[in-house]
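A.B. asks: Sequence:
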Amino acid sequence: ERELPDWLSADVAILGEPTAGYIEAGCQGTLRVVMHASGIRSHSARSWLGDNAIHKLSGVLDRLAGYTARCVEIDGCLYREGLSAVRIDGGIAGNVIPDAASVTVNYRFAPDRSAAEALQHVHDVFEGLDVRIEQTDVAAGALPGLSKPAAKALVEAAAGQVRAKYGWTDVARFAARGIPAVNYGPGDPNFAHRRDERVPVDQIDAAVDMLRRYLTS
Numbered sequence: 012e013r014e015l016p017d018w019l020s021a022d023v024a025i026l027g028e029p030t031a032g033y034i035e036a037g038c039q040g041t042l043r044v045v046m047h048a049s050g051i052r053s054h055s056a057r058s059w060l061g062d063n064a065i066h067k068l069s070g071v072l073d074r075l076a077g078y079t080a081r082c083v084e085i086d087g088c089l090y091r092e093g094l095s096a097v098r099i100d101g102g103i104a105g106n107v108i109p110d111a112a113s114v115t116v117n118y119r120f121a122p123d124r125s126a127a128e129a130l131q132h133v134h135d136v137f138e139g140l141d142v143r144i145e146q147t148d149v150a151a152g153a154l155p156g157l158s159k160p161a162a163k164a165l166v167e168a169a170a171g172q173v174r175a176k177y178g179w180t181d182v183a184r185f186a187a188r189g190i191p192a193v194n195y196g197p198g199d200p201n202f203a204h205r206r207d208e209r210v211p212v213d214q215i216d217a218a219v220d221m222l223r224r225y226l227t228s
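Each residue of the sequence shown is one higher than the one before, counting from 12 in the numbering used here.
Just so you know, the hints here were simulated from the structure itself, not pulled from any lab data.
Please read these numbers as outputs of a predicted model, since none were measured by experiment.
Possibly wrong hints are sitting among the right ones.
[As the list claims (entries may be wrong)] Each pair of labels, with its calculated beta carbon distance range:
no.	residue 1	residue 2	range
1	Ile103	Lys163	56 to 64 Å
2	Glu14	Gly102	45 to 53 Å
3	Ser58	Asp141	12 to 20 Å
4	Asp220	Thr147	51 to 59 Å
5	Arg81	Ser158	21 to 29 Å
Ideal Cβ positions, reconstructed from N, Cα and C, are used throughout, including at glycine.
Using the sequences plus the hints, can you model the full thing?
C.D. replies: Following this line, the structure appears as structure tokens:
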């Protein structure tokens with residue numbers, strides 16, 4: 012991308028993602044933050060002398076459990092957001108009240124929000140809690156971009172089967188360069204990262220046929 016930018020000049024980009032034969036348009040943005048709680052360390056036999064940092068995270072978990080994810084329709088594609096705890100850290104021993112604890116939260120946001128707006132939303136959700144919010148990773152999403160002629164031709168070749176992409180992909184990198192891009196390939200994304208992950212052979216054949224039809228039309 013830095014050394015050979017001309018190689019990324021194109022009318023359209025097709026990202027080989029598992030989409031079960033659908034054109035999956037755009038992609039979600041992703042944001043990770045660490046919610047830090049501080050307390051006072053003490054022996055657990057004298058817990059009243061301490062201030063348990065792990066207990067302070069209960070407010071974070073309560074807000075996550077009660078969170079209602081936003082659903083946004085863009086160009087006929089429905090993007091569903093998600094705000095989830097993905098890791099918890101805290102404690103040094105079984106008989107010590109912890110003075111530090113943290114929970115890592117991942118926010119998958121619709122592409123109508125910028126990275127800055129996503130971070131502000133996270134701050135709004137956890138407003139008033141005794142925690143410090145540290146951003147550790149962020150990547151903006153990509154709008155569907157199906158109005159471009161090259162993307163329209165892809166949709167037609169796929170018989171109009173289009174839906175939103177759940178997850179972040181390199182579609183966002185191409186979108187930032189003004190190049191329309193879609194996610195397409197065999198394999199059900201609902202099986203991704205599972206122990207029973209698999210790709211039916213007939214889906215591979217169908218994807219090859221669609222791409223050949225598109226490239227030769």
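A.B. asks: For every hint, state whether the structure bears it out.
C.D. replies: Comparing the hints with the structure gives:
Separated by about 58 Å at the C-beta atoms, Ile103 and Lys163 satisfy the suggested range of 56 to 64 Å. Distance hint for Glu14 and Gly102: a CB-CB separation of about 46 Å, consistent with the stated range 45 to 53 Å. Taking the beta carbon of each, Ser58 and Asp141 are about 18 Å apart, inside 12 to 20 Å as hinted. Between Asp220 and Thr147 the Cβ separation comes to about 42 Å, which falls outside the hinted range of 51 to 59 Å.
The given range of 21 to 29 Å is respected by Arg81 and Ser158, whose C-beta atoms sit roughly 23 Å from each other.
When each numbered hint is compared with the structure, a violation occurs for hint 4 only.
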